[in-house]
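Quick note on numbering: the sequence shown equals residues 35 to 656 in the numbering used here.
Careful, some of the hints might be misleading.
Said to hold, decoys possible - Using C-beta positions, here's what the derived DEER-type ranges look like:
1) LYS266 with SER369: 15 to 21 Å
2) ASN153 with ASN64: 43 to 49 Å
3) SER175 with ARG257: 45 to 51 Å
4) GLU160 with ILE234: 16 to 22 Å
5) ILE40 with GLU62: 47 to 53 Å
6) GLU221 with SER187: 15 to 21 Å
Think of the hints as simulated: they come from the structure by calculation, not from any bench.
A virtual CB, placed ideally from N, CA and C, is assigned to each residue, including glycine.
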Amino acid sequence: MKKVLIGILLAALLLTIPSVVQRIQIEESNKKIETIVPYKLTTPWLIEDPELTPEMILADFKNAGIQSVSLEPDTISSLERKGLITAVSTSRMREHLLLTRQDSLEDPFDQPGLFIHSNGSFNFEESTAELFEEIYTITVSGVEYVYIPGAASTILSTPIGYDPEVIASILDAGLTVVPRLSNYSDEAQLERMIDELLSIKQSGINKVLFNGVAVPAASDPVRLKEFGAQLKNAGYGLMSIEFANQQGLNQLAYVNDLNLVRLHSLAVADGNIGESAEKIVRAAKERNMRAFFLNVTPGEYEEALPVLQELQAEVNETLPDSFVRGESRTFESYSVPLWQTIVALLGSIAFLTLAAQSVFKNKKLTLAALIGSTVFALIYLVTGQSMVLKAFGLAIAITTPIWAVLLKKQPEKKWYLIRSYVQALGISAIGIWLIVVLLNGNQYLLGIDLFRGVSLIYIVPIAFITLYAVWGNIKNLLNMHVIYWHVVVIAVIAGIALYYYSRTGNAGEVSSIELQVRSLLEQILYVRPRTKEFLIGFPLFILALHVAKSYPKAYYFLLIPGVIGFLSLVNTFTHLHIPLLISLLRSGYSIVFGFIIGLVLIWLYEKVWKKMANIIRMRWQE
């Protein structure tokens, strides 16, 4: 049966080559990045400097290398900030009348509300016609006001619509407009603003960016689907903000045929220009980000413009030549044909069965792996549920590092160390290949659908290898006389474990020195190898292979930190939004550097550790 399974696995790898090649081609064909600044930045600048005009600012944006400007609907509050209106609350109006010794307010003007006066040529009443259920006019001290009853905060936040003059100015400057829209709690406001969004669609307005934690109509599945269809029919693409996890966005994306661009938002100030440039370049290279939202923090225009210019210059200097500036677009639509998924499932069944046979050497467990994986494959073919493919991917991701490090070793053979390392890497490569084929398509490339169970990849292999090492040596451990140098070894392994744990996940702590080293490595190598692989896992695995020649039982304990390299290697490729070539390059560096450092550890072990251990053992046992 083993030969049959190996044959199935090899056939699966060969037949699924087109899926992997297709993904690489899709990723490499989309290298255009877009920078976006919010138009609301201009409001305080225009107020502070009367000589400044919107056209001047937009021209400077264009010259600084900005491609797009985001635009939010005007509200009563934003109209006031622009100086187009003056808004006075009922309480303030009462104070004014009292101080000027005028008659007090009468019904209905004495209720909570806002008195709004139009400044200059702006006609507030005309611009907000039919926006409010109740509206009255009143003259106070010769000044005409429009009175709107209600809570002042609610009135001030009422959306008016997108300013057509601003839209025209942005487009005339050679920039594109990215309208933003919120999920308004008032249904009438929401419907009106959706209609407004659809009405402004034209050339140069191609993508929409949502505000807040939820997209419009997120709480109403039926309306959400209708909204997605409206956006699709109008020709709007979507933008997803990294780490925002906006409720309802994924559903909209599927309705809109995954016409979506990933966006990274970052605050830019005079003190973090270099850091911001690094983030932009890294996100473009390593995370398939194609749009960048620049929140410039300096208050004055004379400070903000140089920051933008310097940032763009630094990005241009470090951005690889394969990238170009322009309006971002989604990746070309692609998916894995069903027959290739079936082939990959057959390969996965063979892989998991062979792994069980190799690790457990138990016919019942091997048969259980074969039957269990086959049943899951049949469930997928019947239901078509992607969760089944994710379960397969997770099973392979957990199994791969375990099988890789526990593969049968033959220390007495020539080139044993290199052969064992290559075999472990080969097992890892096969597991990674199957995961990449099973979880392939635009939904994964765009981060709409994700690999699930990353934490299990970090926990299960280490726990399994630990139990494997302890169980195989349980009698020796129980009878062992613990001496101080054993405590030292345990402390070292515990230290590695704590360091490893602190580095896991997006929130892992990194020292400033390491950040500098990372930056240097990226400049030299294009992408940096993973620390857990080339400094911890792979070197200790190489050392474990060497120790196995003399201490075959102790070798298993070195596999505990050694498996970290292989689980991290697999985990690299489960980040499905990372370009495949980037993951391959990063892993290649880790494999080579890890091997070299492992050879250094062997030298230190032979020349330094053995001598020190003997001296310490003799002194502590006296």
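Going through the hints against the structure:
no., hint, in the structure
1, LYS266 with SER369: 15 to 21 Å, "18 Å, holds"
2, ASN153 with ASN64: 43 to 49 Å, "47 Å, holds"
3, SER175 with ARG257: 45 to 51 Å, "47 Å, holds"
4, GLU160 with ILE234: 16 to 22 Å, "19 Å, holds"
5, ILE40 with GLU62: 47 to 53 Å, "33 Å, violated"
6, GLU221 with SER187: 15 to 21 Å, "19 Å, holds"
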